[in-house]
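There are 2 protein chains.
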Amino acid sequence: MSTRIGILGYGNLGRGVECAIRQNKDMELAAVFTRRAPETVSILTEGVAVHQIGTAADFRDRIDVMVLCGGSATDLPVQTVEYAKYFNVVDSFDTHARIPEHFEGVDAAAKEGGHVAVISAGWDPGMFSLNRLYAGAVLPEGKDYTFWGRGVSQGHSDAVRRIAGVKNAKQYTVPVPAALASVRAGENPELTTRQKHTRECFVVLEEGADAARVEQEIKTMPNYFADYDTTVHFISEEELLTNHSGIPHGGVVIRSGVTGWEKEHKHVVEYQLKLDSNPEFTASVLVACARAAHRLSLEGVTGCKTLFDIAPAYLSAKSGEELRKSLL
Amino acid sequence: MSTRIGILGYGNLGRGVECAIRQNKDMELAAVFTRRAPETVSILTEGVAVHQIGTAADFRDRIDVMVLCGGSATDLPVQTVEYAKYFNVVDSFDTHARIPEHFEGVDAAAKEGGHVAVISAGWDPGMFSLNRLYAGAVLPEGKDYTFWGRGVSQGHSDAVRRIAGVKNAKQYTVPVPAALASVRAGENPELTTRQKHTRECFVVLEEGADAARVEQEIKTMPNYFADYDTTVHFISEEELLTNHSGIPHGGVVIRSGVTGWEKEHKHVVEYQLKLDSNPEFTASVLVACARAAHRLSLEGVTGCKTLFDIAPAYLSAKSGEELRKSLL
Numbered sequence: 006m007s008t009r010i011g012i013l014g015y016g017n018l019g020r021g022v023e024c025a026i027r028q029n030k031d032m033e034l035a036a037v038f039t040r041r042a043p044e045t046v047s048i049l050t051e052g053v054a055v056h057q058i059g060t061a062a063d064f065r066d067r068i069d070v071m072v073l074c075g076g077s078a079t080d081l082p083v084q085t086v087e088y089a090k091y092f093n094v095v096d097s098f099d100t101h102a103r104i105p106e107h108f109e110g111v112d113a114a115a116k117e118g119g120h121v122a123v124i125s126a127g128w129d130p131g132m133f134s135l136n137r138l139y140a141g142a143v144l145p146e147g148k149d150y151t152f153w154g155r156g157v158s159q160g161h162s163d164a165v166r167r168i169a170g171v172k173n174a175k176q177y178t179v180p181v182p183a184a185l186a187s188v189r190a191g192e193n194p195e196l197t198t199r200q201k202h203t204r205e206c207f208v209v210l211e212e213g214a215d216a217a218r219v220e221q222e223i224k225t226m227p228n229y230f231a232d233y234d235t236t237v238h239f240i241s242e243e244e245l246l247t248n249h250s251g252i253p254h255g256g257v258v259i260r261s262g263v264t265g266w267e268k269e270h271k272h273v274v275e276y277q278l279k280l281d282s283n284p285e286f287t288a289s290v291l292v293a294c295a296r297a298a299h300r301l302s303l304e305g306v307t308g309c310k311t312l313f314d315i316a317p318a319y320l321s322a323k324s325g326e327e328l329r330k331s332l333l
Numbered sequence: 006m007s008t009r010i011g012i013l014g015y016g017n018l019g020r021g022v023e024c025a026i027r028q029n030k031d032m033e034l035a036a037v038f039t040r041r042a043p044e045t046v047s048i049l050t051e052g053v054a055v056h057q058i059g060t061a062a063d064f065r066d067r068i069d070v071m072v073l074c075g076g077s078a079t080d081l082p083v084q085t086v087e088y089a090k091y092f093n094v095v096d097s098f099d100t101h102a103r104i105p106e107h108f109e110g111v112d113a114a115a116k117e118g119g120h121v122a123v124i125s126a127g128w129d130p131g132m133f134s135l136n137r138l139y140a141g142a143v144l145p146e147g148k149d150y151t152f153w154g155r156g157v158s159q160g161h162s163d164a165v166r167r168i169a170g171v172k173n174a175k176q177y178t179v180p181v182p183a184a185l186a187s188v189r190a191g192e193n194p195e196l197t198t199r200q201k202h203t204r205e206c207f208v209v210l211e212e213g214a215d216a217a218r219v220e221q222e223i224k225t226m227p228n229y230f231a232d233y234d235t236t237v238h239f240i241s242e243e244e245l246l247t248n249h250s251g252i253p254h255g256g257v258v259i260r261s262g263v264t265g266w267e268k269e270h271k272h273v274v275e276y277q278l279k280l281d282s283n284p285e286f287t288a289s290v291l292v293a294c295a296r297a298a299h300r301l302s303l304e305g306v307t308g309c310k311t312l313f314d315i316a317p318a319y320l321s322a323k324s325g326e327e328l329r330k331s332l333l
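From first to last, the protein sequence lines are chains A and B. Taking my numbering, the leading residue of the first sequence gets 6, the next gets one more, and so forth. Taking my numbering, the leading residue of the second sequence gets 6, the next gets one more, and so forth.
Think of the hints as simulated: they come from the structure by calculation, not from any bench. There may be inaccurate statements among the hints.
Each pair may be met inside one copy or between any two copies, as identical chains are not told apart.
Computed cross-link-like contacts, DSS-like style, restricted to lysine-lysine with a CA-CA straight-line distance of at most 30 Å [what the hints assert, rightly or not]:
#1 K323 - K116
#2 K268 - K30
#3 K90 - K224
#4 K330 - K30
#5 K148 - K323
#6 K172 - K224
#7 K116 - K201
#8 K268 - K116
#9 K330 - K148
#10 K323 - K224
#11 K330 - K116
#12 K172 - K90
#13 K323 - K268
#14 K30 - K224
#15 K268 - K224
#16 K330 - K172
#17 K172 - K30
#18 K224 - K201
#19 K268 - K201
#20 K30 - K201
#21 K90 - K148
#22 K330 - K268
#23 K323 - K172
#24 K148 - K116
#25 K90 - K268
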């Protein structure tokens, strides 16, 4: 059985999904949908067409799962609900605080349409969430820690770029080594925002811009930087392109807990990701979830699911027998 | 809803299950079953009785899940099949090569009895297996590595104890730091058995035993030590009891894989456990699986399951809403 995938939205994430499909023999790319003029969008896969987003619903018989590759701020809250009427869908909705609300809306739409919708797939939410759940289920008495980085935060980079006098910028989120070491040692520290992460900015100035003023504006920016120790490096545009054009990310989820009649034994469970490409890894999770969505749908399941609700075997191309023999 | 647990077999693992039940408010210990004379077995929980193993089947209406705490060599191959007729069961069967065969036998028995049987729960097989599956599903092109330790291997400790002249012994399995560093760096090394782990033995000699001969016998023992670099320390019985009476263990599962149209991006996924008590952590996984077994059974599911077949949310005491709100 092959799963026919549609990609809706062709930015970094959409391109990542296209690459991931090529790595999975049971997947095939059926079509790409875009808001841009289709003839201006050139994709990597030969023989696959790009269509106007408005025509997507016409493809409902030719696509098993539509992978929605828009953003969480404005695209997905509308698109996932809309396309769950026509397709099994997968999204990477990552506004943690709004997940319950997103779930409710998508669940109703998917049930109405008779489809499976997997939301909030990726690594956080996604693989990190799974590890928080498993570790907490096994060690009910303990404490969770999540560290992000070292990696590029798109939102923080954008915030720096919006400052007057800034031509271009990249922002890295960096875990504080001492905090990480203390957590790994099972010391269960109480950590403030400032104690967990630092922020590092590489900034290209417009000609004649005042570096001291830009640095001050970055470091005092509320929500984004004011609560962190931030380092600002002014570099040339050439250096930015040479050394900071990638989109690496990653991080660590740790649960430190106790067992025993007197809680005398300590355990530390750690899950770590080191990713050269944040969007390609996220896309790879989306494609595994698309496989699961297709299978669940074939079994007659409908409604909204997260990785919490999906038996792990559904994500793998291997059969139950193969999995038990080779990975258990 | 409370889950009434029976414990069958009261050694380190059974006692670990008893401790884990106390940490989970939705679980209660219903009874303990033993091969020994029940009056000689004293348990930690007040008001719970110890019964002869032969009477277990009489308790089928008073126990929701029987957790089987025997060994994989001779107990579980017989017991899990037997008790799946009367109860939902959970076991920690860990003879990797024989899991497919164990699965088949237990599946037939559980279906016949109308019960759910979760086999091979623990950390390897168990949490490590889950992480191999997830990482492989997300990164289909890559390489898996599993390192065990630093931790006590019961089987290797027993093997040393069987040597003439050895009064007592503990064996630690230790990952080779350089091998681990290379894997973590995404270098995908090919590693021999000797390059992955070393073995460290702490040995108490009988009076008058020949240390050189014992050391030679350990280091050349086929299967157990001959393929490894082994260090032997001769210590006093007092030192063994003071410094080596714990049962710590742990290890690391790493998958290193690539994504991108030209496979140009590297990703490293790592899952690490550092456990003060191997049996208590294993027991904690068994109890989370008992919760899942009970829930699946209430939904009408029957047959043999592994962690691969269980949606993660079933393991947690939290509701779907709580999980999405707090952990996703």
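Comparing the hints with the structure gives:
Taking the shortest alpha-carbon separations for K323 and K116, both the intra-copy value of 28 Å and the inter-copy value of 24 Å come in at or below 30 Å. Taking CA atoms no more than 30 Å apart as the test, K268 paired with K30 passes between copies only; the shortest distance there is 16 Å, against 48 Å inside one copy. For a Cα distance limit of 30 Å, the shortest separation of K90 from K224 qualifies neither inside one copy, at 45 Å, nor across copies, at 66 Å. Taking the shortest alpha-carbon separations for K330 and K30, only the intra-copy value of 21 Å comes in at or below 30 Å, while the best inter-copy value is 35 Å.
Taking the shortest alpha-carbon separations for K148 and K323, only the inter-copy value of 16 Å comes in at or below 30 Å, while the best intra-copy value is 34 Å. Only within a single protomer do K172 and K224 lie at most 30 Å apart by alpha-carbon distance; the minimum there is 17 Å, versus 65 Å between protomers. Within a single copy, K116 and K201 get their C-alpha atoms no closer than 41 Å, and across copies no closer than 50 Å, so neither meets the 30 Å cut-off. In the homo-oligomer, the alpha carbons of K268 and K116 never lie at most 30 Å apart, since the shortest distance is 45 Å inside one protomer and 38 Å across protomers.
When the C-alpha separation of K330 and K148 is checked against a cutoff of 30 Å, the pair qualifies only between copies, where the shortest distance is 17 Å, while the shortest distance within a copy is 34 Å. Taking the shortest Cα distances, K323 and K224 never come within 30 Å of each other, neither inside one copy (49 Å) nor across copies (40 Å). Taking the shortest Cα distances, K330 and K116 sit within 30 Å of each other only across copies (21 Å), while inside one copy they are farther apart (36 Å). In the homo-oligomer, the alpha carbons of K172 and K90 never lie at most 30 Å apart, since the shortest distance is 42 Å inside one protomer and 71 Å across protomers.
Within a single copy, K323 and K268 get their C-alpha atoms only as close as 40 Å, which misses the 30 Å cut-off; across copies the closest is 22 Å, which meets it. With identical chains, the CA atoms of K30 and K224 are never at most 30 Å apart, being 48 Å at best within one copy and 46 Å at best between copies. In this assembly of identical chains, the alpha carbons of K268 and K224 never lie at most 30 Å apart, being 43 Å within a copy and 37 Å across copies at closest. Taking CA atoms no more than 30 Å apart as the test, K330 paired with K172 passes in neither setting, with 55 Å inside one copy and 38 Å between copies.
Taking identical chains as interchangeable, the C-alpha atoms of K172 and K30 are never at most 30 Å apart, the minima being 43 Å within one chain and 57 Å between chains. Taking identical chains as interchangeable, the C-alpha atoms of K224 and K201 lie at most 30 Å apart only when both belong to the same chain, with a minimum of 17 Å there against 46 Å between chains. For the identical chains of this complex, K268 and K201 are intra-copy neighbours only, at 27 Å inside a copy versus 33 Å across copies, given an alpha-carbon limit of 30 Å. Taking the closest pair of Cα atoms, K30 and K201 never come within 30 Å of each other, the shortest separation being 41 Å inside a single copy and 32 Å across copies.
When the C-alpha separation of K90 and K148 is checked against a cutoff of 30 Å, the pair qualifies neither within a copy, at 40 Å, nor between copies, at 39 Å. In the homo-oligomer, the alpha carbons of K330 and K268 lie at most 30 Å apart only across protomers (28 Å), although the nearest pairing inside one protomer, at 36 Å, exceeds that limit. In the homo-oligomer, the alpha carbons of K323 and K172 never lie at most 30 Å apart, since the shortest distance is 48 Å inside one protomer and 48 Å across protomers. In this homomeric assembly, K148 and K116 never come within 30 Å of each other (Cα to Cα): the closest approach is 36 Å inside a single copy and 39 Å across copies.
When the C-alpha separation of K90 and K268 is checked against a cutoff of 30 Å, the pair qualifies neither within a copy, at 50 Å, nor between copies, at 35 Å.
Checked against the numbered hints listed earlier, the structure breaks hints 3, 7, 8, 10, 12, 14, 15, 16, 17, 20, 21, 23, 24 and 25; every other hint is satisfied.
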